[in-house]
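S.K.: Okay, here's what each chain looks like letter by letter:
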Amino acid sequence: MEFSHFLQINLASLPYFIPELMLVATLLALIIIDLVMKKPSSSGWLAVVALAGVLITLITVVNQYNLDSRSLFNGMLVLDHFSLFFKVLFLLAASLAILFSMASIELAGRPVGEYFTLLIALVLGMFLMAASTNLIMIYISIELVSISSFVLAAYIKRATRSSEAGLKYAIYGAFSSGLMLYGFSLLYGLTGTLDLYQLANLLSDAVAQNPLVVFLAVLFILAGFGYKIAAVPFHFWAPDVYEGAPTPMTAFFSVGPKAAGFALLIRFFVSGMSQPSLVESTVWQAIGNVNWPQLLAVISAATMTLGNLIALVQNNVKRLLAYSSIAHAGYALMGTVVLTQEGYFATLFYLVAYYLMNMGAFLVVIVFQDLIGSEKIDDYRGLGYRAPLPAVAMGLFLFSLTGLPPTVGFIGKFYLFAALIKAGEQYYWLAVVGVLNSVVSLYYYVKIMKYMFLDRPSEEKATALPVAFGMNIMLIVLMVPILLFGLYWAPLQEFTRNSIQFFTGVF
Amino acid sequence: MLLHFAAPFIFVIVAAAFIALNLLISRLLQPRVPSAGKNTTYECGEIPIGSSWVQFNIRFYVITLIFVIFDVEIVFLVPWAVVFKDLGWFAFVEVVIFVFILLVGLAYAWRKGDLEWDKPETGKFARDAAPQLFEEVGTERQQTVQEVTL
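Chains as they are written, first to last, in our numbering: chain A, 1 to 507; chain B, 1 to 150.
Calculated directly from the structure, the hints in this document are not laboratory data.
Be aware that one or more of the hints could be misleading.
Some chain A residues well away from chain B (every beta-carbon gap over 10 angstroms; in silico) [to be verified]: (1) Met22; (2) Ile156; (3) Leu181; (4) Tyr188; (5) Val298; (6) Ala302; (7) Gln314; (8) Lys376.
Quick look at which bits of chain B chain A covers, simulated, 3 or more residues with Cβ under 8 angstroms [said to hold, decoys possible]: (9) 87-94; (10) 106-117.
Note that the structure is a prediction, hence the values are computed from the model and not measured.
Just so it is clear, CB atoms sit at the ideal spot from N, CA and C, and this is done for glycine as well.
Given only the sequences and the hints, what does the whole structure look like? Please build it.
M.R.: Okay, structure coming up:
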């Protein structure tokens, strides 16, 4: 063993690891500030420090865009445009989550030191998820994200449903990562490597010998990834966790870890389970005859159908949005089925759109929760008259979630369906299922609108609600890009398209 | 391909049969002299005190969690110490940073009062708070002593 050689590589990797180091520094700073300062006065400072840390990290990430793709830390992580895209998305989601947490009264008066520390740790985990190319590293990064999220979901200590959320999250998480590890161990047993790129080289032999075992391994591994993106049949935790967690965290869970799960899923299947097609450079092929694209297609169809159908009968807005977020995982999965650059681009684009509209919808839920103390659809009656701006914003976010023009949600769905149709006849059925599901989803999204605008508020509740100034600003800030990218999406499209650049390995 | 599984399958069967056979033989051969003393809980040869169904104080749980900090520390420090000569100063700095992070965690737990050993507030001694409990334990112990000596 030549230690100094490994050491040299690790040392040389450090300059490309600055964003992650920034996050660690922020995390330590938060703990130390929480230690040193007096409790009640420090909560505002903690949020400011967390936000500053996230923004500085964002700058360092953007600075990495002009670097070439490379492998870091002896093949554990990679730095490529694909991972950078997701890192930017995570940081934007985290900064919104911090702002939501500050503005919401749900966390007021609680100690927030650990809250922000855990949030930063979660972001660090997602960074590693988007960049890892080694099976063990994948597992560790998933666990870092999961354990932080368990605690954050249960953060409101005395509330039963918050504790329930944390516990359910933990149990499902432990189970699915156990399954995933088993899948990894099967792959390791078959190929003798943990590295994704070596795996891709060795897989065809393994498939030739044991096709069934490889398929089984992929199935098990999908349990772990499916849990993170809340795909059917690994979705059971989502509604309870989304309902019970503090709402700013719900908003973050529905976007951050889900996007990280997609990053991991795409990276794993592109780098580890498929090879570039010899005919065209923008198309990949599954190695061997393991038909996991078909498997993904079935999961995608089941996810969106089940999510949408159960969302129809929900009467709690947080639960409804939880099921809707399950359905959206199904839509985004459509892009990963076809194994084309077009498809991956569509998924990434959709994740950005989803980030904007879902964060927005949850922000409106936070606003109403603070004002009327409820998240039942029944209590939303007449809110369009009592609080016009949040209600109109909710309308926009919901229309975007449905996929109606001129919103960014429409563009996202358009690209997804286009990718499916372009890929050929075999996935037409999935596109049809997707379109039908969009129609179904219109019903429950519009139901919220009906309660807010078509029902008059009862007499004693007819007063106007005082929406906080900061909330109004945030709503407008989220509404603008949804409309803007709905009409002029070229910059976003170009940015996303440039992000489909995978590190192709050194072996 | 199915035949590959034959070897492990036979292994499982032989292993199970081995255990079952040994249990059966010892059952056939063993002399049986039951007594009360044999049914008492084994406490390293001491005469057991009270029931073994004791609920451990929840305070131990927090201590266990904090112990994890040092546990993880050792897991990383031992391999580092073994190859310290080859790794040199860079690894030393790395470990110092690592230990520093763990120390911050410990300081945090300390500051937040997780190392405090909360004492029960009722009376100076627990015996004052629940004398009848101690009497029960006392009589139980005497009974056990009698049974064992019989």
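S.K.: What hints, given by number in increasing order, does this structure fail?
M.R.: Violated hints: none; all satisfied.
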